[in-house]
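Construct the complete structure from the given sequences, taking the supplied hints into account.
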Amino acid sequence: MNRWHRTALHFVLAITAMVLAGNLQARQFRQLAPIATPRQAATLPEGAVPVATVRAVPRNRVETLLRGVLAKWNTGQMAQTLSPEFFDRTRLLDAVDGLAPRDATLRLLSLQGVQTLQQYELDGKQVSIVSATARTQLEFNSPASGFVRRQGVNEFILKITSPAGPTP
Numbered sequence: 001m002n003r004w005h006r007t008a009l010h011f012v013l014a015i016t017a018m019v020l021a022g023n024l025q026a027r028q029f030r031q032l033a034p035i036a037t038p039r040q041a042a043t044l045p046e047g048a049v050p051v052a053t054v055r056a057v058p059r060n061r062v063e064t065l066l067r068g069v070l071a072k073w074n075t076g077q078m079a080q081t082l083s084p085e086f087f088d089r090t091r092l093l094d095a096v097d098g099l100a101p102r103d104a105t106l107r108l109l110s111l112q113g114v115q116t117l118q119q120y121e122l123d124g125k126q127v128s129i130v131s132a133t134a135r136t137q138l139e140f141n142s143p144a145s146g147f148v149r150r151q152g153v154n155e156f157i158l159k160i161t162s163p164a165g166p167t168p
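Once you know that position 13 of the sequence shown is 13 in my numbering, the rest is easy, because the numbers rise by one and skip nothing.
What the hints contain is simulated information worked out from the structure, not anything from laboratory work.
Hints should not be assumed to be uniformly reliable.
Claimed, not checked - Quick list of in silico lysine to aspartate or glutamate cross-link-like pairs, EDC-like style, CA-CA up to 16 Å:
| hint | residue 1 | residue 2 |
| --- | --- | --- |
| 1 | K159 | E121 |
| 2 | K72 | D94 |
| 3 | K159 | D103 |
| 4 | K72 | E139 |
| 5 | K125 | E46 |
| 6 | K159 | E63 |
| 7 | K72 | E121 |
| 8 | K159 | E85 |
| 9 | K72 | D97 |
Since this is a predicted model, take the numbers as computed values, not measurements.
Encoded structure:
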């Protein structure tokens, strides 16, 4: 291998190393919030006692509560629906406030799946952590294209509190 080929090979290797290093550094900026699973949900708040038998929260109750949450989307009341433990709570609120059109509404089209991830009793109340997969539609008026509809599938993790007892 002559000198020119060695120099070219070193140059290619250096560029490849820089590209790989750049990709690794870019990954450091990404924050991942793991999707809740029963195993992850196993940690309980201080003073909480797990229930002996987890009972599914009725689907119609989850749908009613989810519709209430979505009705507050893009309003000043949205912050009240988010738990203080919600991952990147202020970032979400800022993004909706700054990026979503003022007249945008989020509607529930269908509830595709409901799963009770965890239940426990705390301070005389039963708390259920529920995953709800929902087909939603964002609707707003665009000056450029008129009425706009954007559909999507989202997972919502709901904390549902009810009086302690056999039914959630």
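Tested hints:
1. K159 / E121: With Cα atoms ~12 Å apart, K159 and E121 stay inside 16 Å; holds.
2. K72 / D94: holds (15 Å)
3. K159 / D103: It is violated: about 28 Å lies between the C-alpha atoms, which goes past 16 Å.
4. K72 / E139: holds (14 Å)
5. K125 / E46: holds (14 Å)
6. K159 / E63: holds (13 Å)
7. K72 / E121: Violated. K72 to E121 sits at ~28 Å, over the 16 Å cutoff.
8. K159 / E85: Holds, at about 11 Å.
9. K72 / D97: Distance of about 13 Å is within 16 Å: holds.
The structure does not agree with the numbered hints 3, 7 stated previously, though it agrees with the rest.
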